[in-house]
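Q: Each chain, written out:
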Amino acid sequence: MTTDTFSLQINGELRQIEAYPMERLLDVLRERCGLTGTKEGCGEGECGACNVLINGELVNSCLVPIAQAEGAEIVTIEGVAHGEELHPAQKAFLQCGGAQCGMCTPGMIVATAHLLNKYPQPTIEQIREGLNGNLCRCTGYMRIFEAVQKAALLGSAP
Amino acid sequence: MRSNPAEFQFISPGNLAGALDLLHREPGAWQPVAGGTEIMVQYSAGRLRARSLLNLWDIPELKIIDESTDSLRIGGGCTFTQIRDHPGIREHFPLLATAAAWTGGIANQNRATIAGNIVNASPAADSPPALLAYEAELDLISAVGTRRVPYKDFHLGYKKTVLQPNELLLAIHLPKRFCGWFRYIQKTGARNAQAISKVCIACVGKLHANRVEAVNIGIGAVAPTPLRLLRTEKVLLGSSLTPKIISEAVQTLGTEISPIEDIRSSVTYRRQVAANLLEDLLSSFSVWEQEG
Chain X
4 MTTDTFSLQI NGELRQIEAY PMERLLDVLR ERCGLTGTKE GCGEGECGAC
54 NVLINGELVN SCLVPIAQAE GAEIVTIEGV AHGEELHPAQ KAFLQCGGAQ
104 CGMCTPGMIV ATAHLLNKYP QPTIEQIREG LNGNLCRCTG YMRIFEAVQK
154 AALLGSAP
Chain F
5 MRSNPAEFQF ISPGNLAGAL DLLHREPGAW QPVAGGTEIM VQYSAGRLRA
55 RSLLNLWDIP ELKIIDESTD SLRIGGGCTF TQIRDHPGIR EHFPLLATAA
105 AWTGGIANQN RATIAGNIVN ASPAADSPPA LLAYEAELDL ISAVGTRRVP
155 YKDFHLGYKK TVLQPNELLL AIHLPKRFCG WFRYIQKTGA RNAQAISKVC
205 IACVGKLHAN RVEAVNIGIG AVAPTPLRLL RTEKVLLGSS LTPKIISEAV
255 QTLGTEISPI EDIRSSVTYR RQVAANLLED LLSSFSVWEQ EG
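So the sequences go chain by chain: X and F.
Take the first sequence: its letter number 27 is residue 30 in our numbering, and every next letter is one higher.
Take the second sequence: its letter number 253 is residue 257 in our numbering, and every next letter is one higher.
Pulled out of the complex, with its shape left as it was, chain X reads as follows (with noise of 0.2 Å):
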């Protein structure tokens, strides 16, 4: 098989990729485009390591074939702070001890940012619903509840 042309905007850069249409979109962000802040976790759409925005939606990168991405707007873990300024996600997981080792922490910030975006502030059951696609095996999650709670108050500081 050969080839195609993809054009994709990722992060606000536009983008012409060229890969074969059933390529990961995973694979393509960490080794066509050198984005490696994307995860690759279990590889089958349980852990969430892999979560980026597409056209706004979360997903797994790991189970989206690149041919299902044309023409789309994606944006990883590297477009979520705006330039220098961290995403609210980004400094309540820092202040609040969020992560351990980091490998999920990608996926948990995107998954916090497709979460406030929907209920900029979010209950609990919201907060545990909409990270149940994401697994960590340090923290224990609390902690990354805290760092979302948190996210939602600095979200909403003027």
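Careful, some of the hints might be misleading.
[Claimed, not checked] Simulated DEER-style distance windows between Cβ atoms:
{"no.": "1", "chain 1": "X", "residue 1": "10", "chain 2": "F", "residue 2": "29", "range": "27 to 37 Å"}
{"no.": "2", "chain 1": "X", "residue 1": "105", "chain 2": "F", "residue 2": "228", "range": "20 to 30 Å"}
{"no.": "3", "chain 1": "F", "residue 1": "235", "chain 2": "X", "residue 2": "45", "range": "52 to 62 Å"}
{"no.": "4", "chain 1": "X", "residue 1": "17", "chain 2": "F", "residue 2": "15", "range": "17 to 27 Å"}
{"no.": "5", "chain 1": "F", "residue 1": "55", "chain 2": "X", "residue 2": "123", "range": "40 to 50 Å"}
These are calculated hints, taken from the structure and not from any lab test.
By construction, the Cβ of each residue, glycine as well, lies at the ideal position given by its N, Cα and C atoms.
Dock chain F against the given chain X, drawing on the hints supplied.
A: Chain F in isolation, oriented as in the chain X frame:
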């Protein structure tokens, strides 16, 4: 071992006619891919046999939910996020909205489609028990026409269905006649979120003068296919939900199901839990009072 993308062909016709044309010319040669939450798992693990894949994700005709006064039609390409958020589904078919919210995590609900959940034909899929309870019908379409099949007749055996190699699941039809009925849905899995069911059950029903006037029960993960419990329903119809009838129904359930031992659970566990769930369902049904 991860698959090598260079070995795979992945065609995106971008419209329904183009996809059906391809399936018609070379039936069986093309593996459809919608949201990819099943196929891409096999692909990632190097277990996907098909080498020629057909992209259904960007086909607009499959992504529409239509509502009329007496029915609701869900395009096969609708995601579980679309389904759980749709006001008409939440009002008329809340068990389906709940099942959609139980299917995987948010990221999977944003991609997984209802047609994928049905045609993949896993006995443990989350939406079938609710679809069986609501008497869903399916439109199967090919380049030569469309046919309507009651969902209860769709599954023939483990991973075997009536869907032909040149057909796609176009839409799911649900009759709007269950508003105000008793309803029940429950699922057991290894954890609350994102777990594949060990047993899942859904029911709608009506009582009249304290007797069962109507009851539809769908159950998953306890037989080679999702199952409508027709014999158990027959025991209940026309009866009062006394402890004796409930126990008779539970016994009949035991003869209708044929669970297997697998990585997720044992036969004994599945039998016991299915019985417990039916008992819980029927005891809620016995104290149900019609709304309004």
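Q: State for each hint whether it applies.
A: Status of each hint after checking the structure:
1. Checked against the hint of 27 to 37 Å, the C-beta distance between residue 10(X) and residue 29(F) comes to roughly 29 Å, which is consistent with it.
2. Remark: the range hint 20 to 30 Å for residue 105(X) to residue 228(F) is contradicted by a beta-carbon distance near 44 Å.
3. Take residue 235(F) and residue 45(X): their Cβ atoms lie about 40 Å apart, and the range 52 to 62 Å is violated.
4. Distance hint for residue 17(X) and residue 15(F): a CB-CB separation of about 25 Å, consistent with the stated range 17 to 27 Å.
5. Between residue 55(F) and residue 123(X), the C-beta spacing of about 46 Å keeps the proposed range 40 to 50 Å intact.
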